[in-house]
Amino acid sequence: MEKVGIVGYNQVKLYSDANYGRYEMIFEAVRGALDSAGLKKKDISTVVSATNDYYDGRTISNALTVEVGGGYLADESKVEMDGAYAVLYGLMRILSGNHKLAVVWGGSMASCFPYHSARLYETDPTWERPLAYVNDITSAGFQMRAYMERYGVTLEDIAKIAVKNRKNAAQNPLALSEAQNTSITVNDVLKSEVYADPVTELMVAEPCDGVAALLLAPEKQALKITDNPVWITGVGYNQETYYLGDRDLSISKSMELAGKMAFNAAGIKNPRNEIDVAELFASYAHEELMFTEALEFAEKGKGVSLNTEINGDLPINPSGGALGGNPPCATGLIRIIEAAKQLKGEADAYQVKNANKAIASGQIGMCAQSNIIYVLEGGN
Amino acid sequence: MCLYYPFLLKLFKIYIKNNELELEVFKIINTTNHNINHYKIYKYNKIKNMTEKIIVANKGPVRAEFAFWVGRYMDKFFDVLENKRIIGNKCPKCGDVFVPPRKICGKCNIKIDFEKSWVDLPDTGILKNYTITYYKVNDRASRKVKKPQIVGMIQIDGSNTSIVYRLLDLEPEDVKIGMKLKIQWEEKPKGDPSDIKGFIKI
Chain Z
3 MEKVGIVGYN QVKLYSDANY GRYEMIFEAV RGALDSAGLK KKDISTVVSA TNDYYDGRTI
63 SNALTVEVGG GYLADESKVE MDGAYAVLYG LMRILSGNHK LAVVWGGSMA SCFPYHSARL
123 YETDPTWERP LAYVNDITSA GFQMRAYMER YGVTLEDIAK IAVKNRKNAA QNPLALSEAQ
183 NTSITVNDVL KSEVYADPVT ELMVAEPCDG VAALLLAPEK QALKITDNPV WITGVGYNQE
243 TYYLGDRDLS ISKSMELAGK MAFNAAGIKN PRNEIDVAEL FASYAHEELM FTEALEFAEK
303 GKGVSLNTEI NGDLPINPSG GALGGNPPCA TGLIRIIEAA KQLKGEADAY QVKNANKAIA
363 SGQIGMCAQS NIIYVLEGGN
Chain L
208 MCLYYPFLLK LFKIYIKNNE LELEVFKIIN TTNHNINHYK IYKYNKIKNM TEKIIVANKG
268 PVRAEFAFWV GRYMDKFFDV LENKRIIGNK CPKCGDVFVP PRKICGKCNI KIDFEKSWVD
328 LPDTGILKNY TITYYKVNDR ASRKVKKPQI VGMIQIDGSN TSIVYRLLDL EPEDVKIGMK
388 LKIQWEEKPK GDPSDIKGFI KI
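Those sequence lines, one after another, are chains Z and L. For the first sequence, the residue numbers in the working numbering are 3 to 382. For the second sequence, the residue numbers in the working numbering are 208 to 409.
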């Protein structure tokens, strides 16, 4: 794949209930990204946003975000998925050869509506929705149980992931303060409130308020803007079937296939040895283990044996990942930004040593129905 | 300033005081009152100064309710369901049996014929997976329920897919993956998904 440069990015601090309005938040993210690259409004050639009509409480939710998102009298359109898919669209706009700078932003304010209830609206209106047994939380309960039953993974194994990510989030100043915890223990996670057995409160990536923005440019242009862009060298994405009852919930087949596609595009032969750091959008602690195994970083059911701490064998989610705050439509985009920070050595307290190649993923749907994964490389 | 809003129905002022004399005032301008609960659980402790927040809790002046036709395949399924029976349909290529029936097999990407391909199935099945939830999934504020619901994924015998229903008359500790279950029918079926009240142990 022809490489595309990430020339700037910005993420606002995540809040469970932000004390400022949605538009200020979008403006702060997008303007901040432009400022980080020393660019102006006139430099923007295309804008891609990621918002959701249902989460924003109105139809054509990008119509009102035109000005704050930098899209005033500009080429602008929207992806109604996770922000990582907006990056895919932005990438394609750049690779079309018609654009010099793409602004990609995504986010929402989960404090404005009951998020988990709204997720019921993803289900089939003629079959599952009237019964109201399936939402993101209950389906995660199914997924976690399927994974544990098949591979004999224990609750403690999964709680360890929540502990690691919440401790990592404590090092990340932009993470959700409710998710930051330096003294959390496995027992705290297991004793927290049961959401949908076996999923407990602290295993869930809490929906919150937040917006993030990323700037993409073609290779030549990227080198004009900055001396050290981060390169997107591969992308892969894949999607599983819709009904939960048709799927094998014990594995993430879509992540496995997305990973193969991305590594192939980036010319990576041995991902376990070549990748230095991973930022994976796991909505629940168990998904991180499932993704680790789907990407063949560990054998099936053995994900927990891999040391994924910041100074471990393969650091996963040093920023805290989605467990450090999950603003709908921004989370996957934030994973890409965090991976880019690692490659540029800007991650401060949670910096991974000698990070040259990274992966970052986004997801959408019940039990991570669809996954998208990027390969990022630092240096010129 | 609220007089500008013609839909003003309720005005709430909530004063929160503590030792530091923090104070926050909410004005909730509400076109209906369904969303009020959500704001009552607002986290007060973050605001250090006296502030006023105007929140428009807005269901909207227009009600856009959808009326989906379920389609020919599901129409037939619900007709049969009303007679307390289960049918599925079978992919002519891979042989997978779907409950509820599908127009196409996604894996083979072919159409399943409406005239043939139907399979009569029993009202028994196997528990493939389950979860226990203390929250009302369909509730606007995700409120807690007193008695947990056990929600299972049940594979009807003779089919290759699972359906999601409640398990009835079972305690959480008695639920085991692989257990045999039977449909508990609603006494007066209406030809919709709720005709299956849930599943019971056999």
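Keep in mind that the hints were calculated from the coordinates and are not lab data. Glycine is no exception: its CB is placed at the ideal position from the N, C-alpha and C atoms. Where hints are given, some of them may not hold.
Here are the computed lysine-lysine pairs in the BS3-like style, where the Cα-Cα straight-line distance is at most 30 Å [said to hold, decoys possible]:
{"#": "1", "chain 1": "L", "residue 1": "Lys300", "chain 2": "Z", "residue 2": "Lys255"}
{"#": "2", "chain 1": "L", "residue 1": "Lys395", "chain 2": "Z", "residue 2": "Lys255"}
{"#": "3", "chain 1": "L", "residue 1": "Lys383", "chain 2": "L", "residue 2": "Lys300"}
{"#": "4", "chain 1": "L", "residue 1": "Lys300", "chain 2": "Z", "residue 2": "Lys162"}
{"#": "5", "chain 1": "Z", "residue 1": "Lys193", "chain 2": "Z", "residue 2": "Lys15"}
{"#": "6", "chain 1": "L", "residue 1": "Lys323", "chain 2": "L", "residue 2": "Lys383"}
From chain L, some residues computed to sit far from chain Z (all C-beta separations above 12 Å) [unchecked claim]:
{"#": "7", "residue": "Val287"}
{"#": "8", "residue": "Asp303"}
{"#": "9", "residue": "Asp320"}
{"#": "10", "residue": "Lys387"}
Covered stretches of chain L, going by a simulated chain Z footprint (3 or more residues, C-beta under 8 Å) [stated by the list, open to error]:
{"#": "11", "segment": "272-284"}
{"#": "12", "segment": "288-302"}
{"#": "13", "segment": "369-380"}
Against the structure, test the hints numbered earlier, and report the numbers of the ones violated in rising order. 2, 3, 4, 6, 8 and 12
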